[in-house]
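Asks: So the sequence lines, in the order shown, correspond to chains B and L. This note's numbering puts the first sequence at residues 7 to 578. This note's numbering puts the second sequence at residues 7 to 729.
What the hints contain is simulated information worked out from the structure, not anything from laboratory work. Since this is a predicted model, take the numbers as computed values, not measurements. Watch out, some of these pointers could steer you wrong.
[Unchecked claim] BS3-like, lysine-lysine: derived pairs with alpha carbons at most 30 Å apart:
#, chain 1, residue 1, chain 2, residue 2
1, B, K325, B, K437
2, L, K221, L, K92
3, L, K396, B, K24
4, L, K92, B, K325
5, B, K24, L, K398
6, B, K181, B, K337
7, B, K541, L, K92
8, B, K541, L, K98
9, L, K398, B, K204
10, B, K337, L, K92
11, B, K437, L, K92
12, L, K98, B, K325
13, B, K325, B, K283
14, B, K204, B, K337
15, L, K85, B, K325
[Unchecked claim] Reference listing, derived: stretches of chain L covered by chain B, where coverage requires no fewer than 3 residues with Cβ under 8 Å from a Cβ of chain B:
#, segment
16, 53-61
17, 67-78
18, 89-96
19, 170-182
20, 253-267
21, 382-388
The beta carbon of each residue, even a glycine, is placed where N, CA and C say it ideally should be.
In case you want the letters, here they are:
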Amino acid sequence: MIFDDLRAIQLRHGFLPKAELESLSSRTQTPLYQIHSVASFYPHFHLAAPARAEVRVCADMSCHLNGACELRADIERRFANARRSEVEIRDVSCLGRCDEAPAIAVNDHIFTDVTADRAEAVVRAALRGDELHDGHPGQARMACASDPYADAEKYGALRAEIATKDWGGVLALLKEAELRGMGGAGFPTSMKWDLVRKQPGPDKYIVCNADEREPGTIKDRFIMTHLPHLLVEGMILAGLVTGAKEGILYIRHEYHLQEEILGEEIRSCYRAGLLGKNILGSGLEFELRVFVSPGGYICGEESALIEAIEGHRAEPRNKPPFPGVVGLWQKPTVINNVETFINVPQILSRGVEWYKTAGRNGSRGFKFVGVSGHAARPGIYEVPLGITMREVLFDHAGGMRGGHTLKAFAPSGPSSGYLPASMADVRLDFKALAEAGSMLGSGTIVVCDEATCMLDMALNAVRFYRNESCGKCVPCRVGSQKMVDLLVRWTQGGLPETQYRADLALLDELSQAMSLTSICGLGQIVPAPIQSVLKHFRAEVDAHVLQGKCPSGICFTAAVRAGEANRVGIRP
Amino acid sequence: MSVTTTPTGSVEITIDGQALRVPAGTTVFDAARMQGISIPTLCHLQNETPVGVCRLCVVDTGARVLAASCVRPVEPGLKVVTNSEKVVATRKTLLELMMSDHPSPCARQRNSGDCELETLAAAAGVREPRYARRSVSRGHDDSSLSIAVDHDSCILCDRCIRGCDEVRNNFVLGRMGKGYAADIAFDLNSPMGDSTCISCGECMVSCPTGALTNKSVAGTAIAIGPGAEGFEAEDLLTIPVFHGVSGTFLELNRGAIVKRRFHKGELICKEGDFGSTAFFILEGKARVSISSPIAHVKTQGGAQGFFKRLTSTLAPRESDKREEEARDRTIPIDASVDLSYENPVAELGTGDLFGEMTCMTFYPRSATVRAESEVVAYEMLRNVLDIMLKNKTFRAQVDQNYRKRALENHLRGVPMFADLSTDFIEHLKESVELVRFAPGQVIARQGDAADSFYLVRIGFVKISENYPGGELVLAYLSRGDYFGEIGLLGGGARTATCTALDHVEVVRVSGEDFRQMVERFPNVRRGLEAVAEERRSANALRMQMVHSVPIDQFLSQGLMEAQSLLVLDLQNCTRCDACVNACADAHDGITRLVRDGLRFDHYLVATSCRQCRDPLCMVGCPVGSIRRRNSLEVIIEDWCIGCGLCARNCPYGNINLHPFEVMSDDPEHAGRQKATIKQKATSCDLCTHLKEPSCVYACPHDAAHRVDPRKFFAEILAQGALK
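Based on the sequences and whatever the hints tell you, model everything.
Replies: If you want it as structure tokens, here you go:
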């Protein structure tokens, strides 16, 4: 596999020297351009020798709300005289540590709740050549309400289903339970599985998308840490139901600990005969392995993820055909989110009736939500689906930090846009949030207090998409940049009203074209944050553009003007 | 990506209200076309797999989002609208987005007015784009001889990539980077000219904008002169040597290759002239010769009197044998043959290629070529020659000609190979490899295992040695020179790095053949060993000098290596120019001294040959007539054709051209002679025929001195004048 080869070279040299790539090309009979095309796509690979201390400051939503700009500026000041070959400081997209913001990565080791002093100490250690250790070793296993095996033998649902082999019955149960995808789109799981089950041919695949990278999304990290057995069980069940004999657990490369936990779980399943050629003596077969993502938000798009597994640039495919028909290696493929898989053994072992009553107000089952931003107790919470946002924020996450008031929240990261505090009674379910003009998505709640500039937050989100666009199609590649340009101009204020009106019309045209013509969800969702801010916080935007004032006191400070607080800077 | 399930039967759909039945698996784009409805697109070409990246071909199928018709297969009952207000508006936005970063008019629009993006944008009514322009240019790549790359005009439609992969199976270019920073790149992001690209032209033909354009479009066509004949690309392709060349490429390069007819006696090219073309003889015979007198400039004591004067005359080797004069070296020229010293005339015939160096690197013509019979030849520019040389058929013919006719002379031109037996030469003719190197390419690297012996066939090779803190150029080798023997005789590693300086072709003799040769021919071995030893000790001496010099500046000036410097003490010098006048007086009015140069403290190091570490004067001599004596002084061989390139190359103005009146054949009156001016290059000879250089002798203020640089600078250093 090309990524294994590239990682091995990078491990040896610290980067990918030309000569090594040339010999890789002749050894594997791969054209040079294909190797370069792939290696240059993933920021994880260095094509030139990196600095001795590569500092990456997370720039997205939760870290942004928790002083990442100021942190980065502070670190830059402290190493202002360092040579570029020694220290290189850059922004990085969400590191998946939103509950412990701000987070930084130094030479691929992640540190959380970082202060400038701590960052400086880590960088100095890296410069001395000390071995770095990730800041947080992870938590001890926690008991979760979702775990049906708290007092029972694990993999009970799988054992029971193997005994009856009634796979049609499993599908019927999932259909009755109305289980929907938990990764964001909410597609009915039984339909997806049934489609793959009905495809002819012996080769099919089950892929778990554990590449959560949407800013604020941290729930899969928690699930993989505490409920790895439910994930593995869900994937095996998916394989048995659909007839797929191979499963791939696609995990983001920043989740070292979870990679280990899952690796151990899979090994113990092989030892227990739950995976392999002859599962529990039934003659059924399923192999499962972990695939470490080469990185990038776009890899979370299901067809881009498939491209990455195949060793290509993670560029989404044109659909149809959908992966259920033409997926990995052109074969029918189930791709589901981590949380979707863990719901399957819950439903099977506890029954549909339990599942229906586990939620509230007509919603079903439990939902893991990550709360971050200005919350008093940021973290991952397991809540019944259907409770209100207010309950999540105030009963579970402890309300706002430091006695501040709630101004806005994103129900599911930047993709869901921002809703005002007045809508905090919205229920956490698919329908209610869609009606509110937002979406349940993956349950990534980011909260903002009254001192937050919403235009700044919209720009932050658009910039994230611009950085993470794969560049395959024109509307997303060019449009996301032009939208950043437009918003940067707005945050600088001082536009005549006629120009502002023209800009608003232009933004609408651009939003329309991006939503209608982009190949994948990334490009289609880019306009959401700014459109939601225009809808709910229009006066704030007007104040910026027309009067050159930021009501929250963020955008026109001396520090911003001096370029120190890089609110509107464009990442190289 | 294509659909793998094989669709069968036919499908009924509706496009813009018209019902039609098409085979299953047809795309909406093609179905619409069958119905006479054309959908605009930029990334889609009928002969390439559709990718759906420009999104211009979107249509409304009633779904939440629009569908790219080029990649959307029809399905039963599908209702398609290709031109609704929504569709037209989004297309216009997409065009405006692309136009906002497009350098309008791009190269293609300027040259042929058919940039597809600009045409579609104009048709859609896109005027001045309202979006911010890209702030930083994505760059240009001019390294390919035939194709210009303008990344700013690239819209990443992937047409070139598919052309290269799918149509030509060359697999050279792809996307690099991601998002807004994505670009196309060749190999590992090499300049196109250094990449594995064979310039087939498919990418350029595929490109919808001015991102990949033909360089001839940018105005490099050969002036159509007398004897030129027009032709069609198809005519060319019927000629065997053109077999396999892309017809599209020839079509696009129409102006860069011309068929010419020369009558008997007509001049094809003249030595010393500048040019940019090579000739390939299709039929007929031509005579190649050097018409400059085969002699060098000799200075000798002339008129006696109060001021001794020197006179310059032309003297051939027979009358003025200089030290280390190579015995019977042949004259290397820019053709498949070499000329002999005694009679510098040779014949070229069908299948011969000449003028390669002039064409590839713009060196002056090395010899005069005249038609001996009716001659038909193709004259071509660099971009075409480059393609031709990459073409297997043509390449094979040129190589075959060289092996048959020139290799033997070439080998025998190396004095110590004169003793090789005919059967061994025959063996070598078959076994040697003819290898090409691009400018800057390393032929052998210092420290690598020595595995071959090389003979330079075309171009210049830089031999250099690395030392801590720098690189020392040991020599520039040109046609007829050889290298690689030290490593082979020493039995181990390469002692120096050999780099192609320009378009270089070498004859590679394998280590095995080399071993056989030195075993069978003891004279060859002795000769090689002697030269190798000489080179080794000279190199060692030079390296030692480099190491003993404390100041980098001297190194970069090359002063320490000079044998002798003319130094003017500016405290005494009144700038009276008596030195310059004296030099001119001593050399027929042509001064070889310019009172200008590097200043150190109150000394001016006037221009005079300093035997530079990096002797630039030797690069490019079309006939290889400038070389170093073992004492490192520059010597100009008899067959100098007076083109003046060395004089222009010398950064210190130390080589001058000396005109002489000579009698030569009058081309207008057969059998008669007329006086013409021929030039010869000269450099300072230190007035070796006088007791003292005339400049020093003439200085009335005791300001001019000839000094030994090492001693001189050591003294200055001791005084602390130079920091």
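Asks: Now tell me, hint by hint, if it's right for this structure.
Replies: A quick look at each hint next to the structure:
1. B:K325 to B:K437: Cα-Cα ~25 Å, so holds.
2. L:K221 to L:K92: Given pair K221 of chain L, K92 of chain L is violated - Cα atoms ~41 Å apart, limit 30 Å.
3. L:K396 to B:K24: holds (24 Å)
4. L:K92 to B:K325: OK: K92 of chain L and K325 of chain B at ~21 Å, within 30 Å.
5. B:K24 to L:K398: Given pair K24 of chain B, K398 of chain L holds - Cα atoms ~28 Å apart, limit 30 Å.
6. B:K181 to B:K337: holds (24 Å)
7. B:K541 to L:K92: holds (22 Å)
8. B:K541 to L:K98: holds (26 Å)
9. L:K398 to B:K204: violated (53 Å)
10. B:K337 to L:K92: violated (35 Å)
11. B:K437 to L:K92: Cα-Cα ~28 Å, so holds.
12. L:K98 to B:K325: holds (23 Å)
13. B:K325 to B:K283: Cα-Cα ~34 Å, so violated.
14. B:K204 to B:K337: Within the cut-off at roughly 12 Å; holds.
15. L:K85 to B:K325: The given pair, whose Cα atoms are some 17 Å apart, holds under the 30 Å limit.
16. 53-61: holds (count 5)
17. 67-78: holds (count 5)
18. 89-96: With 3 residues close enough to chain B, the hint holds.
19. 170-182: With 6 residues closer than 8 Å to chain B, the segment 170-182 of chain L meets the three-residue bar; holds.
20. 253-267: That given contact is violated, which follows from only 0 residues of the segment 253-267 of chain L lying within Cβ reach (below 8 Å) of chain B.
21. 382-388: Coverage by chain B is violated for the segment 382-388 of chain L (0 residues, Cβ < 8 Å).
The structure fails hints 2, 9, 10, 13, 20, 21 (numbered hints given earlier, in ascending order).
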